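Asker: Now for the letters of each chain:
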Amino acid sequence: MTVSAALPRRRPAGSLRRVTSTTGGKIGLVFLVVGLAICLFGGNVAPYDPSQPFGIPGSPPMPGHPLGLDFIGRDVLSRVLYAGRATVVLAVGATTITYVVGGAIGLLAGYRRGPVDAWLMRTMDVLLSVPALLVILLFVTAFGNAGWVLVLSAALVLMPGVARIVRSATAEIATRGYVEAAVARGDRTLTILRREVLPNIAGVVIADLGLRFSWSIILIASVNFLGLGIQPPLPELGLMVSENRVIIGGNPDAILAPSIVLAVLIIGVNLVGDAFVRQLDRSEGGA
Amino acid sequence: MQVMLTAEVESSSARGGRTRRRVHPVAWFVLKRLALGAATLFVVSVLIFALTAIVPGDAVTVVLGKSGTPETIAALQAKLGLDQPLWAQYLAWLSGLVHGDLGVSVVAMINQQADPSIATALADPLANSLILGFITAVLLIPLTLALGAIAGLFADRFLDHSISVPTLVLGGLPEFVTGALFIYIFFTQLHVLPPVSLVPPGASPLQTPQVLVLPVLTLLVVAVGSGARQTRLGMLEAMRSDFVLSATLNGISHRRIITWYAMRNAVANAVQTIAQNLQYLVGGIIVVESVFAYPGIGVYLVNAVQSRDTNAILAASMILAVLYTVINIVADLLVVFLVPRLRSELV
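First to last, the protein sequences are chains W and S. Its first residue numbered 0, the first sequence is counted upward by one per residue in numbering that gives the first Met the number 0. Its first residue numbered 0, the second sequence is counted upward by one per residue in numbering that gives the first Met the number 0.
Chain W with its partners taken away, still in its complex shape (with noise of 0.2 Å):
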């Protein structure tokens, strides 16, 4: 892999005017912040209670519904601005966990090697020999489908690809005389994961950030298509694609409007982690 290659020597600092200099970034930086701002703050504006039925179900749009009644005839405006907010939290967390465990698994095994290195990775390459979406599907046939339950089992799908970046930066930055002196005056192991091995490999972690946010987001809006997660009377994006898709030729707006929220929250993340790792090869190439 290029993880040597790209191992940062520098602060990922100016990572915000490095995204911003390419038209893709900028592009995804609007998109990134509007579809956040719809989801976390949507319900604050949201014209009326997301569960309350207002006429004929699949109404198509009219004066003061501008998107239209959903299959059970309410706002779909309203369901739209509130329901991005379950997505994002749940992927956010899932994103969240995936970078500590997973940064914690590939730190053990790139700095001890050895034993403790091939029985993490070996598990690691477990996870990754089925589905994603299989494993979340069995977690939550076991567990139930608590947010809890998806957050968890998306991080534990997602957390094999951090581990494992994690891991070869790790062993790359662990030979390095400045760790070496490190052991020498003997510091102890977490205090030279953190004061030298971390800062070294951050920029590394970070670049994959994007990507394992939106693959958060699919995961969790997938499972929620498919019924088996968050239940309804609750807005979420890809539960109301999936209910609205009886009413696709009365009012096909209650579809297409989740999933836009849904691609412009997407494109968004892609692009401007897309933007970041350009930045951070060009920089490196440069260096």
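Honestly, I wouldn't trust all of these hints.
What the hints assert, rightly or not - Below, simulated EDC-like cross-link-like pairs (lysine to aspartate or glutamate); rule was C-alpha separation at most 20 Å, straight line: (1) K25/W with D155/S; (2) K31/S with D124/W; (3) K78/S with D100/S.
Unchecked claim - Only part of the chain W face toward chain S is listed, based on derived beta-carbon distances under 10 Å: (4) A141; (5) L227; (6) G248.
To be verified - Residues of chain S placed beyond 10 Å of chain W at every Cβ, according to the derived structure: (7) K78; (8) S94; (9) A107; (10) A122; (11) A126; (12) V137; (13) L138; (14) F153; (15) P173; (16) L189; (17) I285.
For the record, the hints were derived by calculation from the structure and aren't laboratory data. This structure is a prediction, so every number in the text was calculated from the model and none was measured. Each residue gets a CB set at the ideal place from its N, CA and C atoms; glycine is no exception.
With the hints as your guide, set chain S onto chain W.
Answerer: Coordinates of chain S only, in the frame set by chain W:
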């Protein structure tokens, strides 16, 4: 499965006989890879079984509902072997699995279906899924290479952007979003394709090929981007390389340089990504089938999870896991045979 594994070993030793020097490492790699695959599948089977066993009584209570008395529940559990210790249940399940017996569906039993055997119930969905996956795979590979090669040849020009941007953007979206957009375009707006891909029980989707169009299209759109990106990079790299320059100076025609010199580099660059994308299809069908209500193994699995039909979940999950592993192994072996420079990394 067994047949497939031995076939792999034979074909590889046949190849090994022809290549003189690297016989041993490659044959060794093949054996190691097969052993690793078998070990992985064993561990996966234990994990899948353990996860579904955490709620052993659930299927029975769900099915019997409020009409279930402690006696009827206990009787049904005994009939299904659920009163046995877990390891005995696992061994019974595993030996059944090896013999092609996937057990019985509790839900089908309670619904008084004539044949509650999962193997019977899964035969059609599995065939439907394999048809969907196979058609997608057959279209995916040339499409990936063609789009990537064209984008690479016209790098940073209009044609490149009009291929790279849409594939990248659409490829990043969840399958159900892409699928919903396609339904909107091709059904709601154009009225040319059905919004659901219903296939009557016992019939083949090939009799009504129009139901396959949108599912295949959705899978292609999701899977084509990353491979095309790699192909594009390989093509770009090759067209700027010294060997293409010297071929040009030697008077070899532009067309031959592209098809014979540069394309090889592009393919080599993309092989691993395409292999991963083929593997992706195994998981991707779960959502895509649900979007279009296509009666495949993905929909079967989702229904089984909804009704807590433990044996059905086990069977469908294990089949998907086996498919995933087999594609992974075949892909790894193909990579080693197709791209010599990757051998040193893998072998």
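Asker: With reference to the structure, classify each hint as holding or not holding.
Answerer: To see whether the hints hold, each was checked on the structure:
Pair hint K25/W plus D155/S holds up; C-alpha atoms about 19 Å apart against a cutoff of 20 Å. In summary, the hint linking K31/S to D124/W is supported, as the alpha carbons are separated by about 15 Å, within the 20 Å threshold. For the suggested pair K78/S and D100/S, the alpha carbons sit about 16 Å apart, so the restraint of at most 20 Å is met. For A141/W, the suggested interface contact is upheld, since its CB lies about 4 Å from the closest CB of chain S, less than 10 Å.
A distance limit of 10 Å between C-beta atoms decides the matter here; for L227/W the minimum to chain S is near 6 Å, and the interface restraint holds. With its C-beta approaching chain S no nearer than about 7 Å, G248/W sits inside the 10 Å limit, and its interface hint holds. The beta carbon of K78/S sits about 22 Å from the closest Cβ of chain W, which is more than 10 Å, so the claim that it is off the interface holds. Once the 10 Å rule is applied to beta carbons, S94/S is consistent with being away from chain W; the minimum gap is 22 Å.
Interface exclusion of A107/S from chain W stands, the closest Cβ pair being 18 Å apart, more than 10 Å. With a closest Cβ-Cβ approach of about 20 Å to chain W, A122/S is found to remain outside the 10 Å limit, as its non-interface label requires. Annotated as non-interface, A126/S keeps its C-beta farther than 10 Å from every C-beta of chain W; the closest such distance is 19 Å. Every C-beta of chain W lies more than 10 Å from that of V137/S, the closest at about 21 Å, which supports listing it as non-interface.
At the 10 Å boundary, the C-beta of L138/S stays outside the reach of chain W, the nearest C-beta of that chain being 21 Å off. For F153/S, the non-interface assignment is confirmed: its Cβ lies about 19 Å from the closest Cβ of chain W, beyond the 10 Å cut-off. Interface exclusion of P173/S from chain W breaks down, the closest Cβ pair being 5 Å apart, not more than 10 Å. At roughly 13 Å from the closest C-beta of chain W, the C-beta of L189/S stays outside 10 Å, upholding its exclusion from the interface.
Not every CB of chain W is more than 10 Å from the CB of I285/S (nearest about 5 Å), against its label as outside the interface.
Violated hints, in rising order: 15 and 17; the structure is consistent with all others.
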